[in-house]
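Visitor: Those sequence lines, one after another, are chains A, B and C.
The number in the numbering used here is simply the position in the first sequence, starting from 1, with 116 added.
The number in the numbering used here is simply the position in the second sequence, starting from 1, with 5 added.
The number in the numbering used here is simply the position in the third sequence, starting from 1, with 1 added.
It is worth saying that the hints were derived from the structure and are not from the lab.
Owing to the predicted nature of the structure, the values given are computational and were not obtained by experimental measurement.
It is possible that part of the hints are untrue.
Stated by the list, open to error - Here are the computed lysine-lysine pairs in the DSS-like style, where the Cα-Cα straight-line distance is at most 27 angstroms: (1) B:Lys274 to C:Lys64; (2) C:Lys9 to B:Lys203; (3) B:Lys124 to A:Lys262; (4) C:Lys64 to B:Lys52; (5) C:Lys9 to B:Lys223; (6) B:Lys295 to B:Lys52; (7) B:Lys254 to C:Lys9.
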Amino acid sequence: MNRGRWLFRAIVVIVVLVLPLLFESTYARHILVSSGIFILLSLGLNFIMGYMGQTPFGYPVFFGLGAYTTALGFTYLGTDFWTGLIAAPIVAGIFGFLIGYPSLRLRGPYFAIVTLAFAEIVALILNNWVSFTRGSMGISGIPHPKIIIPGLIDFTFNHELKWYYLVVIICAFYLLVNHRLIHSYAGEAWLAIRENEDLAEAVGIHTFKWKMISFVIGAMMGGMAGCIYAHYYTIASPDLVGFYYITTIFAMVIIGGRGTLLGPVLGAILFTAVPEYLRAAKTMRLVIFGLIMLLSIIFMPQGLNGLVNDIRERFRRR
Amino acid sequence: MRKGILIWVTVFLFTFLLGLAAWAADKPPVKIGVVQPLTGQGANVAKSWLEGMNLAVNMINKEGGILGGRKVEMVVEDDQCIPAQSIAATKKLIHEDKLKVILAAMCSSATIADVPITKEAGVVQIVSLSFADSITEMGNPLLFRTCTTNKILADGMAYKIAQEFKVKSMAFYSINDDYGRGLVEQTKSIFEKLGTPKVLFEGFFEFNDRDFSAPLTKMKGLKPEGLYLVARFPQNAQILNQMAELGFKSKLFGPINLVADDCIGAAGKNVEGAYGVVNWANELDTAGAKKYVNAFKAKYGKFPEDDFSMCGYTGTMVSAMGIDKAGTDQDPQKIGEALRKLKWDSPNGPLSFDAKGQGTIKVYVVQVKNGQRVLLK
Amino acid sequence: MSSFLFQKMELFLQQLVNGLVIGIIYSLVAIGLTVIYGIFDIINMTQGTFFMIGAFAAYFLTKNLGVSYFLSIPLAMIITGVMGILVERSSVRTLRGQQNIVFLLSTMGLMVLLENLALVLWGATPRQLPSPFAPEPVVFLGVFLTRQKIFLFLCATVMILLVKRFIKGSRLGRSMRAVATDQNTAALMGIDVNRVFIATFGIGAGLSAAAGVLLGPIFDIEPAMGHLTLIKAFIVVIMGGMGNITGAFYCGLILGVAESMGAGYINVDYKDAFGLIIMILVLLFRPQGLLGKGGLR
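Just chain A, same shape as in the assembly (with noise of 0.2 angstroms):
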């Protein structure tokens, strides 16, 4: 049994690194890399989600605030990729403690929507703070990271293919972190308060102090796939914190399944893979997205991976 996991993990790593070599054009490692910054966030968000049982609306702000705070670096203080790639989450970890602090006192719908007033008045200020942020113009030009160790090395991540190999070790790094939070008495904290709060909380759980490391964790996810997507894009917007990042996150979130940790990655996967291929349809997508968003929520809670587990059981039983 146990050589058959490892067989199959074995596997899948070497798919994984393999992946981008099959491909020669440039455009489909494009998509595998967006796949993999939307996995990044689709991690984050299900960290807060599918763990603790909290929605969000408004988590994509940390994405636009670890964005912003490395397009910030680089345009006032010329700051590169790997500072970034620490200050990002830092920042976003503030504000998710700034945030969180007053929203996490409520519940259910009432957070959802309080965390999507914050992201909108977020918004509001990248918008108009224009000669901070320039606005809605955002910030453009910053530069592809660099390792440069004078004799020795000059390496640009400015090739699809290089980018592909970072974003895999990140992600890798996320799915690490997760499952060390999950599987420790952290986690057991935070499966408690997703059954159920209040009797957590009479068992002597301190919900209030875990739900916010719990949200600050998620946060600090979040600004590190912003930061990554700034350095790849090249450009900051303030759209990053708006609807169509909300709406996209949140469904492959539900439908890859939350609360698990392959779920949100095979999510992302479909959700940015797939629509690609249909460029012709650009407005279909959204359409497409939300009727499988419903249906999910309908006829399969538990997503994707819930599909992958029940082909998985059947295998088994064989």
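With chain A fixed as given, assemble chains B and C onto it according to the hints.
Guide: What follows is chains B and C alone, placed relative to chain A:
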């Protein structure tokens, strides 16, 4: 025996001619890339621009094509006026379609995002409809702008406003992007330099704003003699109509969007008397202008409704000429050199490029009288 | 000097009136939202979509079928109301018994679906819903108003009063209030809960649709027009208290005026932020709403 030879020669000749025709028809078209907002903000502008592009393509192909009989074919991608999408569209044209000449884009913010991409890939970028001044300052040696800049537009009317029309006070209301902000900045700085008119208000709106009553009411209270409105359709018409509903009257000034046919159609008498700074007027009578407007009328049965179709026409023509003169559609450097030396009688006036790639563009001022644009001397 | 004061007064009144006109639209949509919440305990993300569908229904009725604008109002309400019932049937009823979040997400999916379907069918270019009134403004005490705006305000007020009366007075209305208080007990007492559900969504959708038709001639209609209205409706419902109709009415007006004044006197660019900040403050310090909570009233 002689009859047999005759038959064989005829067959041979026939086959040879057939082959020749087939070979000529087989010549691959010259492809040029285009990034425009087919949907989303600015789609109206793009529609006009495409009319101009199609006019140019028809003309070129009817006159025998370029590079020895090859037809011109445009590959059009939609960027919805969104910088991230513009980048994706440009990348696709460069890497997927392997095009060496790209006409991108329309919204200045999108174009600005595209410049680093074309610069890095070393392809020719022709900017035919983005006015932000910074575009030609970004240091791309293969970038050429065939349209006006915010500075040229501002110069074109600001002095007139202060010195000829003697307007004493002005309010600015504009779309919040590189185009609007740039034009407002340039115009405002001229006013400040001249000391008149006095700027009473400067406000910006987003492209999905619909309710302008609060800022318009505020402006009305300040009683500006003139309002400088930088907005695309349909927002400009909506603003003008809401102004009328609030009883806010003021002399109107703005760029081409304000006095284009679509705005006049939707705002009616609310835009009557407005002054626009433009690059095309139907009254222009140079050889290049006449060629354009006659062909336009012949193909579409109407006069050009705005500047934008001319921009599409000029951009396409210049791209094709550059490729033709360079003798290749695969070598961006050669095409760039050819363009640097280009001198052409464009519909706007004589066109050539300066060291930074900026074209020589003339501006004109028109006024809306009885629902028509009239060129002022 | 007095003329200066007079002008300031005029300006103030104009901003006030602008705020009231848009505010009552907020109230209408919010009342639909709050009624649905009061009875179902769910937040209906499609409320903004109903607003848009109502406006488009009126557009096609007047344009293609030549129906008069006035008639198109109730017709659009009925059409949208039917759609609302379909929504209830399909995504709400099948999910009965699940957590609130599930409804939030399902209505969200529905909203994305419907809005983008509208985008595909009708395109993003804004269309004009013609007003039956002359566009020349009417001036009263220095305030400029169009007849459409006056009609809008009167019509909306009447509708709100009718709804209030209906919920208080009629049999179905009392059933609704019973279900809002305690669904199970109401069912046990013989109330047809299904009928109440249908009525609720029908009313909620219908009110939103009416708002769309009334506002349509003032601002152009387009598939995305429901977005902003939805958020404003949320704000109003939270301010007024979930399930509180009177609260929604007053708070809608308050929000409209607050935004207008904020834009006019404080900062034009951040107009939308005022409502958001108010909402956050209310949620933090008085989550039951400024006018109290509980049931449906």
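Visitor: Hints numbered earlier in the text: which of these fail when held up against the supplied structure?
Guide: Hint check: nothing fails, all pass.
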